[in-house]
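Knowing the structure of chain A, use the given hints to seat chain B on it.
Residue strings, one per chain:
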Amino acid sequence: SQQGEEDPQALSIQEGENATMNCSYKTSINNLQWYRQNSGRGLVHLILIRSNEREKHSGRLRVTLDTSKKSSSLLITASRAADTASYFCATAYGNNRLAFGKGNQVVVIP
Amino acid sequence: DAGVIQSPRHEVTEMGQEVTLRCKPISGHDYLFWYRQTMMRGLELLIYFNNNVPIDDSGMPEDRFSAKMPNASFSTLKIQPSEPRDSAVYFCASTNKGNQPQHFGDGTRLSIL
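Protein chains in written order, with the numbering used here: chain A, 1 to 110; chain B, 1 to 113.
Please note: incorrect hints may appear among the correct ones.
[As the list claims (entries may be wrong)] Restricting the straight-line Cα-Cα distance to at most 30 angstroms, the calculated cross-link-like pairs of lysine-lysine (DSS-like) are: (1) A:K70 <-> B:K78; (2) B:K78 <-> A:K69; (3) A:K102 <-> A:K26; (4) A:K102 <-> B:K78; (5) B:K78 <-> B:K97.
[Claimed, not checked] Some chain A residues judged to face chain B by a derived CB distance under 10 angstroms, without partners named: (6) Y35; (7) Q37; (8) V44; (9) I47; (10) T84; (11) A90; (12) A92; (13) F100; (14) G101; (15) K102.
[What the hints assert, rightly or not] Residues from chain B shown here face chain A by an in silico Cβ test under 7 angstroms; the list is partial: (16) G98; (17) F104; (18) G107.
These are computed hints drawn from the structure, not numbers from a lab.
In this text, a Cβ means the ideal position worked out from N, Cα and C, and glycines have one as well.
Next comes chain B alone, as it looks inside the complex:
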């Protein structure tokens, strides 16, 4: 079975550019989570969806960040405009039931110059 698929795996771009990260969850999973991982702050939950609806976006740092889930098999996390402090590894995870084990993608390593 295919796991959670994220793209791109690596992204290097200049400050001010728009960045779009993509995620395909495991088929049949109703919950999708976006996390950001840094050495300083660890793994932070940014937003999660249930049945394609955003439930909690309290972790989204600021208005420059937005996330969408247009259908059950696709989600995007967008940063516009990007800043150097957004550099991190961004993970997407999915699960079929809240509070149950989450399946993570291999992340997108984002570097903003």
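For reference, chain A alone in the conformation it holds in the complex:
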């Protein structure tokens, strides 16, 4: 079965609000990555968190990783209309491949 499963949400929020999405996986990982995909474009890497890290920040992004629960969350603070996109988590589990989840669609209303 595919690893890297986001909560299958379509999230609609107002500009300025925070957006949170979750991802769960099934087996041990080397790292977990989050990607963004704008409509009609390829995926763009946002942030990588290693299996021995618990939290990581990059600008308005905050990622947490709980290896005991095999889950991760991505928080986007102070959302902007430009954050409207689909967000994917991907797990790397040692064989040079990434397993992508189905994605969460986020709509930020100006």
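Relative to chain A, chain B alone:
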């Protein structure tokens, strides 16, 4: 720097025709991946190469699909004969090290009529 370049961006063809998708990875990247994205199945890995050698093609749907990487700067994904169920967006991605962030092209949107 140029990113991953895919061509064509859009392809519409009739069932039974041969389709060839092309990809130029980022220079210096040793890994190249082909994915297929559909609403129903999400993003599926079809095949990946390391140093131009196919490593894992277990995701290739059937014998109608084939992929080659004749050199470090070019790869093709071929479907022959094409079928309507092959309609999807096909992405190519590259990275300089396994398990590290991948750089995606903007994909080829394929429609088989």
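Evaluated hints:
1. A:K70 <-> B:K78: 37 angstroms, violated
2. B:K78 <-> A:K69: 41 angstroms, violated
3. A:K102 <-> A:K26: 15 angstroms, holds
4. A:K102 <-> B:K78: 25 angstroms, holds
5. B:K78 <-> B:K97: 25 angstroms, holds
6. Y35: Constraint on Y35 of chain A satisfied, holds at 8 angstroms.
7. Q37: 8 angstroms, holds
8. V44: 7 angstroms, holds
9. I47: At 9 angstroms from the nearest chain B Cβ, I47 of chain A passes the 10 angstroms test, so the hint holds.
10. T84: For T84 of chain A, the interface hint is violated, since the closest Cβ of chain B sits about 18 angstroms away, which is over 10 angstroms.
11. A90: 8 angstroms, holds
12. A92: Because about 4 angstroms separates A92 of chain A from the closest Cβ in chain B, which is inside the 10 angstroms limit, the hint holds.
13. F100: Status holds, d = 4 angstroms.
14. G101: 7 angstroms, holds
15. K102: At about 4 angstroms, which falls below the 10 angstroms cut-off, the nearest Cβ of chain B leaves the hint on K102 of chain A intact, so it holds.
16. G98: 3 angstroms, holds
17. F104: This interface hint holds because 3 angstroms falls under the 7 angstroms limit.
18. G107: 6 angstroms, holds
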